[in-house]
Every structure is written in structure tokens, then in C-alpha cells.
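One line per chain: the protein sequences are A and B, in this order. If you're matching positions, the first sequence starts at 1 in the numbering used here and goes up one per residue. If you're matching positions, the second sequence starts at 1 in the numbering used here and goes up one per residue.
A hint or two may mislead.
Same chains, same names: a pair is fine if it fits in one copy or spans any two.
[To be verified] Heads up, simulated EDC-like pairs for lysine to aspartate or glutamate below, C-alpha to C-alpha not over 20 Å straight-line:
#, residue 1, residue 2
1, K332, D30
2, K128, E293
3, K324, E293
4, K251, E269
5, K324, D198
6, K332, E210
7, K251, E293
8, K332, E293
9, K332, E268
10, K251, E233
11, K324, E187
12, K251, E143
13, K128, D30
14, K324, E214
15, K251, E34
16, K251, E318
17, K128, E314
18, K332, E8
19, K251, E240
20, K332, E301
21, K324, E268
22, K332, E34
23, K324, E284
24, K251, D198
25, K128, E143
26, K128, D198
27, K251, E301
28, K324, E302
Please keep in mind that the hints were generated in silico from the structure rather than gathered at the bench.
Number of protein chains: 2
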Amino acid sequence: VLPSEIAELIQHIRSGHRLSLARTISRVEDGGAESHALLAALYPYTGHAHIVGITGAPGTGKSTLVTALAQRYRTAGQSVGIVAVDPTSPFTGGALLGDRVRMRALSGDPGVFVRSMATRGSLGGLSKSTADVVTVLDAAGFERILVETVGVGQAEVEIARTAHTTVVVEAPGFGDEVQALKAGILEIADLLVVNKADLPGVERTVQALEMMLELAHDAPRPLHHHGQWLTLELPPSVVEPATRWPVRVHKTIAASGHGVDALHQRIEEHVTWLRTTGELALRERGRILHTLENILRAAWEERIQSQLAAAGLERLVEAIHQRKSDPYTVAKELMASDKELGFML
Amino acid sequence: VLPSEIAELIQHIRSGHRLSLARTISRVEDGGAESHALLAALYPYTGHAHIVGITGAPGTGKSTLVTALAQRYRTAGQSVGIVAVDPTSPFTGGALLGDRVRMRALSGDPGVFVRSMATRGSLGGLSKSTADVVTVLDAAGFERILVETVGVGQAEVEIARTAHTTVVVEAPGFGDEVQALKAGILEIADLLVVNKADLPGVERTVQALEMMLELAHDAPRPLHHHGQWLTLELPPSVVEPATRWPVRVHKTIAASGHGVDALHQRIEEHVTWLRTTGELALRERGRILHTLENILRAAWEERIQSQLAAAGLERLVEAIHQRKSDPYTVAKELMASDKELGFML
Chain A
1 VLPSEIAELI QHIRSGHRLS LARTISRVED GGAESHALLA ALYPYTGHAH
51 IVGITGAPGT GKSTLVTALA QRYRTAGQSV GIVAVDPTSP FTGGALLGDR
101 VRMRALSGDP GVFVRSMATR GSLGGLSKST ADVVTVLDAA GFERILVETV
151 GVGQAEVEIA RTAHTTVVVE APGFGDEVQA LKAGILEIAD LLVVNKADLP
201 GVERTVQALE MMLELAHDAP RPLHHHGQWL TLELPPSVVE PATRWPVRVH
251 KTIAASGHGV DALHQRIEEH VTWLRTTGEL ALRERGRILH TLENILRAAW
301 EERIQSQLAA AGLERLVEAI HQRKSDPYTV AKELMASDKE LGFML
Chain B
1 VLPSEIAELI QHIRSGHRLS LARTISRVED GGAESHALLA ALYPYTGHAH
51 IVGITGAPGT GKSTLVTALA QRYRTAGQSV GIVAVDPTSP FTGGALLGDR
101 VRMRALSGDP GVFVRSMATR GSLGGLSKST ADVVTVLDAA GFERILVETV
151 GVGQAEVEIA RTAHTTVVVE APGFGDEVQA LKAGILEIAD LLVVNKADLP
201 GVERTVQALE MMLELAHDAP RPLHHHGQWL TLELPPSVVE PATRWPVRVH
251 KTIAASGHGV DALHQRIEEH VTWLRTTGEL ALRERGRILH TLENILRAAW
301 EERIQSQLAA AGLERLVEAI HQRKSDPYTV AKELMASDKE LGFML
């Protein structure tokens, strides 16, 4: 892309041209050097949206909840971007009639933009470019960005690193064993929601979650400045808040709107809390660290691919299989030869 | 380590010296250049063990099942190494009295070696060095290596890449929604086990799993030569088996030993199937690819850490936070400067 073309595109996006926005997202999803040039140009316009991650197992009604929350934000006069990264999400295609009717309330509204994305595999997980799509929507001026993800293991941690506020959605009827399995979600949840609160067993689920919150009360806080393999020394101006955000369990029936006002209000309280305590500055640095890690990892992976293609991956694997070599020696030689090969991004 | 010291260590390990084995595993777990020198020296002795991954949620009774299987292998005269990567595993410390009594049957037997490992986080996941510990046990001559992992998302995929045979353990009482959530496990399971088959609801769980197997029958096979980011062209001699391995659901009550003989027999049938159809050659190459990816990734991550420490990570993040720079430009500059910096493994 030419710089002049990028400048024009940015102008279009920021003035609300939806087709330009959709095209930019597609180009960003394609990845590669062009995508990075676009994102670098968009980056100065970012940092204004508040990003809310909404994660939970399939069947918990996340999409309906996202729709209801988006409507609530529209009533409050705020623009909303929605990114759905969930193979089971109605946003992604598998909509039931009822969902479609509810979602129709959002369509045609220039203050709402919905984008669905494919996941990396059937076990869930964020798409590689989720954070990049969020960057585009942020630069486009959306005030709130809701990212819906199917919560399976690593994806939950990923969304917490991408979002400012993480909402974990459960539904009644999940057994105690599953709750135990999911103990890790308490490390990432800023709000807990038991949706479908009209189903039997709701109080048992609420109590189980509240008991887990009680038990987790003294657990160490998540270290936002610790990335997956990088660690950031924080400047003296960035400190942990003196008090901890009180995580609560909320009951909602997203389909009827019950409890959605209270949930919306609580999310906004979290926005205020993040801003006034300084926690936002902390999380923002964590998000930058996470973004850097992802870009660098992808770049190195690409470089290793080129290197191995040049060195003959198949030949190396056969030599290892025949025990004429071993993976450690092969890796060492590849790393040493990289200096000479000198691949560029 | 000096080459002479390594040679001596290998001799000790291979002659069954348990203290040397334990020490070698600890050194391998410590990581770094010394660990790689050790593993490279051990590698020529590997490739003889059959590695069985046993994965499932906490509460499914995996550890008891692993103990019962190990006893069965001992009766058949085969040596067994056990690697437990599960924070909730009795092998790792949280044993109930009954578990301890059962596990005691294994202690003192020179044909059994048990090693427990910490996981990377509370959401589960394989330890970074699980595959390395398996390599040591393989080189030490153990004929079967059982790797117990808590099955949460990515960890399940990881174990399937590390093992030759993957056993997924369920227990009665897991709801249908959870089954749906876990549809991905069918991609990795060679055997399905419903343990605690004396609990109510066992038939419902068996039926749910069998229905999922039915539905997944036409699903594409896992591509063992596709790594996380590398793809291997297979030599003409390595081809997919003409027929597919029939995955079945097994009922066991590990605590009483019920069904364990049949499970053991079926695992051994899988060993024979892998060897006779050529699938083993395929999976072995996939394992090598996976090992290479992990070593290279760790090496690159270390290199990036050094680079960012030299470049001033904190300064870069502050510049990005103030929108004076952006993550994409920073990453590009780091990748370009790597050639000159020329860090070595």
C-alpha cells in the first residue's frame, strides 16, 4: 500500500465509512507486511476504546448477552464494535431464529459494527488477528468494543490479555467438577455472570462461584507486566492500586434483558475503577507487551520457516528419525547459522 | 558438563541406577545449554519406548487408572515410567489415603519410575520439559511411558503430539454441554475411557461419547506432519494407513481394577496397529517436528529477551504507550537489527 492510500483509508474509516472499515479489517486479517503497515498507521488513533472481553462455554448464551449489552450501550449513546471469535456464535453463522431476531435490532445502526472471525481450531482459541481487528475498531472511534470468545483454556487467558475488562459467563447446570476445572477463570474474571438465570440450579451455580471467589480472595493478583516470555519493569509512575477490585457474580437472563442494566452499570464502574486507581495504566502496558510478543513470535516463526525450508526440513527430520542427529543439535546449528542467512522481516 | 561426565551418566542411567536417573531428569528440567547437551547425548538411545498419554479433567480418576495400568504392565513383565503433569494428581502430592495405598504397590519396584512435574499454570498445560523428561526415560530403557496430564484445552493437544497413544478419560455425570465443549478431544483420542463406571449416569456418558464418535467418523484425520507453524513434506515411504483405527469407549473402575485388563489389551492392540500400518512412522515424524518447534521457539524467545533487554524494553513500551511509536514498527526494527546483534544460542 502506498502511504497516500493508507492516509485516505484512515480518513474514510474515521469518518464512519463502513465499507472502508470492513475492507481494512479484511486486509488486516490477511496479515503480512501490508497488514503491519496499515496497523502502524492506525496505531496513533488508538487507545480511546474500552475493550470488554466476554468469554464462556458454548451454551451459556454469550451472543445473546453481547447483543443485549450492545443495545444498552446504544441507549446510553455510545458506539459499539463487536468482534465474535466463536465457532458456535450466531454472529458467525449458526444463528437460531430467536438470536437472529434479537441481533436484527443492531443491524442498520451506524453506531454498531459487528465482525465475526474464524478460530484457530475446534478447541477454540482466539484468532491470530483478533487484537489487530480490535485495533482497527479502536482507531475507527468505537467507544466500547465487545469481544466474544468461546472460553476454553488458553483462549480465556488470551482474551484477558487483550481486553481491559473481562466478563466470564456461566450458565446453571454446570457441575462442581467443571467448576473445579475452571478455577483458573477466577484469575482473569473482572465480572462473573450466571446467564440463563431462569433455568433450574441457578442458585447452586451462583453459590459455587461465590465460594470460589471467597477462596480465591487471597490469591496473588495477575501480573499484567509479565507476558508469556517477556517481563516488563514498570516505571515508578505505574503502581498497583491500593485496593482490589471486588469481583461479583451477576445473574442475567439475556434473552429477556433481565439483569442487563445492572451488568452494564457494573462494567462501567469497572471502567471508572480502572481509570481512577491507575490499574488502566498497568493493564495498558500489559496489552502492549502482549501485542509485541505476538508480533515478534509470528515474525520469528516466519523466519524459522524460511530457514528450515532453505536447510531442508525433511532431510533434517529423517536424520533425526534415524538417530544420525537429534533435535537439539539441529536447533543449535539453525540458530547459529541465522546470523549468516540474515533473513529480514 | 564434560563429555566424559555425560558418558558416565548415560552408562549409569542405562544400567538402572535410579539416583542418576532422578538427577538427570532434574538437570533436564533446569533447561539451558547443559540440558540440551545431555538430551543430545541421550537421543541416540531413544525411540524404543511406547508413550501413552492419559488425559482428562480433574476428578475422573486418572491417577488411579495410571497406577492400575502400571501394575498391569508389571504383571506382563514390562518396565514402566510414569510422568504426572497434573496439579491435582496424587503423584504430585495431593494424594488421598486410598490413592497412597494403591500407589504404594508401585514403590520399591525397580521396573517402575515415577516423576511428577509442575504445570505451567493453574489452567493446566504441559510443563515445558515434559517431552524432555520422556526422552530421558526412553533412553533409560523403560518400555512403556505413561504421561498423565490434566485435560484442559491446549494441554490435550500437546499430549497428543507428545504421545504415541492418547487415552482420554471421562467420568459419569459430565453434562451434555461439556461434551459439546470437548468435541475437540475426539480429534486426539485413540481410546476413550469412562472411569468410575460404578457411578450413576455411566451409560448416558458412554452413549454421549459413542454418539460423538459416530458423528466424528467422517472428520478429517489429524495431520501429524503439520506442526504448530511448520509443515513437513513426508517422504514417499511414509504414507497414511489405508484403514482408520477404530476408537472405542471403555468402561473402567480403576479403584477395583474392573476393566483395566481390557483397557491394557486395547492399548497394546493400538501399539501393534501403529507399527503394522505405518502410522507409527508418521506419528514419529510428527513428534520430531513438534520437538524441533518447541526447542526453536524457546531459543528464539530467549534471543528476543536478550535483544529487548539490550534495546530497552521499558523505553520502547513507554514510547508505544504515548503513541510516539507502535508495536509493529518496534518489532520490525528489532527483527532487522538482529542480524547485526547476532546473538547465539
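These are the hints, each one checked on the structure:
1. K332 <-> D30: Between. Shortest inter-copy distance 18 Å satisfies the 20 Å Cα cut-off; intra-copy 32 Å does not.
2. K128 <-> E293: both (12 Å within a copy, 18 Å between copies)
3. K324 <-> E293: between (35 Å within a copy, 19 Å between copies)
4. K251 <-> E269: Close inside one copy (17 Å), not across copies (50 Å); limit 20 Å.
5. K324 <-> D198: neither (64 Å within a copy, 50 Å between copies)
6. K332 <-> E210: For K332 and E210, neither the intra-copy (50 Å) nor the inter-copy (46 Å) Cα distance is at most 20 Å.
7. K251 <-> E293: neither (36 Å within a copy, 44 Å between copies)
8. K332 <-> E293: between (22 Å within a copy, 12 Å between copies)
9. K332 <-> E268: neither (51 Å within a copy, 36 Å between copies)
10. K251 <-> E233: For K251 and E233, the Cα distance exceeds 20 Å both inside one copy (39 Å) and across copies (52 Å).
11. K324 <-> E187: neither (46 Å within a copy, 32 Å between copies)
12. K251 <-> E143: For K251 and E143, neither the intra-copy (25 Å) nor the inter-copy (53 Å) Cα distance is at most 20 Å.
13. K128 <-> D30: Cα proximity of K128 and D30: one copy only (10 Å, versus 31 Å across).
14. K324 <-> E214: neither (56 Å within a copy, 42 Å between copies)
15. K251 <-> E34: neither (44 Å within a copy, 54 Å between copies)
16. K251 <-> E318: neither (57 Å within a copy, 39 Å between copies)
17. K128 <-> E314: neither (27 Å within a copy, 25 Å between copies)
18. K332 <-> E8: neither (46 Å within a copy, 24 Å between copies)
19. K251 <-> E240: For K251 and E240, the Cα distance exceeds 20 Å both inside one copy (30 Å) and across copies (51 Å).
20. K332 <-> E301: The answer is both: 16 Å in one copy and 14 Å across copies each meet 20 Å.
21. K324 <-> E268: neither (61 Å within a copy, 29 Å between copies)
22. K332 <-> E34: between (32 Å within a copy, 12 Å between copies)
23. K324 <-> E284: between (49 Å within a copy, 15 Å between copies)
24. K251 <-> D198: Classified as within; 9 Å inside a copy, 35 Å across copies.
25. K128 <-> E143: Intra 23 Å, inter 40 Å, cutoff 20 Å: neither.
26. K128 <-> D198: Neither. Shortest intra-copy (36 Å) and inter-copy (43 Å) distances fail the 20 Å Cα cut-off.
27. K251 <-> E301: neither (43 Å within a copy, 42 Å between copies)
28. K324 <-> E302: neither (27 Å within a copy, 27 Å between copies)
Violated hints for the displayed structure, listed by number in ascending order: 5, 6, 7, 9, 10, 11, 12, 14, 15, 16, 17, 18, 19, 21, 25, 26, 27, 28.
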